[in-house]
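**Q** Full structure from sequences and hints, please.
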Amino acid sequence: MSARRHRSYAAHLGHRLSGLALAVFLPLHFLALGLALEGADTFDRFLSFAELPLVKAAEWGLVVFLGLHLFFGLRLLVVEFLPWSSDADDRAGLIGWGTAGALVLGGIFLWGVI
Amino acid sequence: MSDTVQTPTAEPGGSGIKTLEVQIWRGGAEGAFETFSVPRRDNQTVLDVVTEVQRHHVPDLAYRFACRVGVCGSCAMTVNGTPRWTCRTHVGKVAGDGKLSIAPLRNLPVIRDLVTDMGEFFDKWTKAGGKFTGTRSRAEPMAEVDPTSRARRNADAGIECINCAVCYSACDVVSWDKDYLGPAALNRAWTLLNDSRHAAQNETLAAATAHGGCGSCHTQGSCMRACPVGISPTRSIAGIKRMSLLDFLGMRRS
Chain A
1 MSARRHRSYA AHLGHRLSGL ALAVFLPLHF LALGLALEGA DTFDRFLSFA
51 ELPLVKAAEW GLVVFLGLHL FFGLRLLVVE FLPWSSDADD RAGLIGWGTA
101 GALVLGGIFL WGVI
Chain B
1 MSDTVQTPTA EPGGSGIKTL EVQIWRGGAE GAFETFSVPR RDNQTVLDVV
51 TEVQRHHVPD LAYRFACRVG VCGSCAMTVN GTPRWTCRTH VGKVAGDGKL
101 SIAPLRNLPV IRDLVTDMGE FFDKWTKAGG KFTGTRSRAE PMAEVDPTSR
151 ARRNADAGIE CINCAVCYSA CDVVSWDKDY LGPAALNRAW TLLNDSRHAA
201 QNETLAAATA HGGCGSCHTQ GSCMRACPVG ISPTRSIAGI KRMSLLDFLG
251 MRRS
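If you read the sequences in order, they're chains A and B.
Take the first sequence: its position 103, counted from the start at 1, is 103 in my numbering, and no numbers get skipped.
Take the second sequence: its position 245, counted from the start at 1, is 245 in my numbering, and no numbers get skipped.
It is possible that part of the hints are untrue.
[Claimed, not checked] A few chain B residues facing chain A, derived, Cβ under 10 angstroms:
(1) Asn80
(2) Ala157
(3) Gly158
(4) Ala170
(5) Asp172
(6) Thr219
(7) Cys227
(8) Ser232
(9) Ala238
(10) Gly239
(11) Leu245
[As the list claims (entries may be wrong)] Derived, one-sided and incomplete: chain A residues facing chain B with beta-carbon distance under 10 angstroms:
(12) Trp84
(13) Ser86
(14) Asp90
[Claimed, not checked] Just the calculated beta-carbon pair ranges, DEER-fashion:
(15) B:Asn202 to A:Pro83: 21 to 27 angstroms
(16) B:Ser149 to A:Leu33: 51 to 57 angstroms
(17) A:Leu52 to B:Lys99: 49 to 55 angstroms
(18) A:Leu33 to B:Asn202: 43 to 49 angstroms
Everything labelled a hint here was simulated from the structure, so no lab data went into it.
Positions of the beta carbon are idealized from the N, C-alpha and C atoms, including for glycine.
**A** Written out as structure tokens, the structure reads:
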């Protein structure tokens with residue numbers, strides 16, 4: 001449906017899908033924390049697995065998703081709780097800034113990896 | 001109305017298309033698109049195209065219209081995938097390639113062809129607390145309303161809604177959640193919540209924030225972009241969310 005072709009709808013999708021990705025990631029995160037409690041050997045094996053390039057790429061994706069979820073969520077709070085300057089002012093401009101912010105976070109992650 | 005047939009001409013400054021390929025939904029929910037060839041005319045609206053198809057191709061085509069000038073809101077249909085008032089949509093604006101797809105409004109049960117049953121749409125308008133409850137009888141003086149107050153300006157921003165259901169059709173949340181009251185009903189609730197003459201403020205806020213109310217809105221913003229009169233239900237719904245939070249915190253201004 002062409003009524004969906006606008007930035008705010010894309011931001012809606014980005015916010016929800018990144019949230020889902022983070023929700024799927026959280027159990028793995030807790031698993032890693034649990035392994036750290038079980039012993040050094042198990043945790044070291046997990047850390048060596050985490051060093052695989054494909055896993056690093058997935059981690060980069062998660063960092064970007066985290067940034068998207070954070071910044072798009074902040075935009076929603078601005079839209080819903082701050083006054084609007086006009087009827088058309090759903091802060092669509094913040095979507096570009098949020099995307100850029102998420103990519104910067106991804107860049108910082110890459111900087112640390114490489 | 002006269003059934004005059006003008007000479008097909010290209011739109012001045014347009015693409016030179018002389019014939020439109022028009023797909024129109026026929027049947028009920030399980031129907032299909034039927035294709036017609038319609039002459040392209042100057043200053044032709046999508047409603048003109050539908051009328052021409054009904055007069056010259058399929059006399060039993062069901063569609064709804066009344067004023068033809070964007071006042072009644074009854075001719076809304078899905079044009080090339082977007083809900084619009086067909087009377088106020090020029091063909092040149094939506095069919096640059098000479099192709100038109102005309103379907104009934106989304107999110108409403110199809111009665112036949114281009115006509116939808118708007119019963120649930122109006123039922124939700126009431127369910128959202130949209131009924132005005134006055135405090136004065138006609139024997140009493142008229143209520144004084146300050147047109148410059150913030151509340152009145154909020155109400156004025158949404159008051160011109162004519163319930164054409166274009167926003168309801170544009171909203172994906174309505175498709176996903178049949179209990180969702182929809183943008184128009186919540187916009188109506190917001191205008192009442194800002195109307196100092198409305199006595200049932202708490203009842204309207206409770207209705208607009210109940211299951212299927214403002215909390216179900218995902219702030220996609222399709223409603224405000226589709227509204228033919230430029231109303232922003234997204235803004236109205238955000239207003240209800242803000243008001244409900246202030247009410248919860250005991251900080252709502254009466």
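**Q** Next, verify each hint and record whether it holds.
**A** Hint check:
1. Asn80: holds, 7 angstroms
2. Ala157: holds, 6 angstroms
3. Gly158: holds, 9 angstroms
4. Ala170: Constraint on alanine 170 of chain B satisfied, holds at 4 angstroms.
5. Asp172: holds, 7 angstroms
6. Thr219: Constraint on threonine 219 of chain B satisfied, holds at 6 angstroms.
7. Cys227: holds, 9 angstroms
8. Ser232: holds, 4 angstroms
9. Ala238: With a closest approach of 4 angstroms, the alanine 238 of chain B hint holds.
10. Gly239: Since the shortest Cβ distance to chain A is 9 angstroms, the answer is holds.
11. Leu245: Where the cut-off is 10 angstroms and the nearest Cβ of chain A is about 8 angstroms from leucine 245 of chain B, the hint holds.
12. Trp84: Since chain B brings a Cβ to about 5 angstroms from tryptophan 84 of chain A, closer than 10 angstroms, the hint holds.
13. Ser86: holds, 8 angstroms
14. Asp90: Result: holds, 5 angstroms to nearest chain B Cβ.
15. B:Asn202 to A:Pro83: 21 to 27 angstroms: holds, 24 angstroms
16. B:Ser149 to A:Leu33: 51 to 57 angstroms: The hinted range 51 to 57 angstroms holds for serine 149 of chain B and leucine 33 of chain A, with Cβ atoms some 54 angstroms apart.
17. A:Leu52 to B:Lys99: 49 to 55 angstroms: holds, 50 angstroms
18. A:Leu33 to B:Asn202: 43 to 49 angstroms: Holds, since leucine 33 of chain A and asparagine 202 of chain B (Cβ atoms, about 47 angstroms apart) stay within the stated range.
Checked against the numbered hints given earlier, the structure satisfies every one of them.
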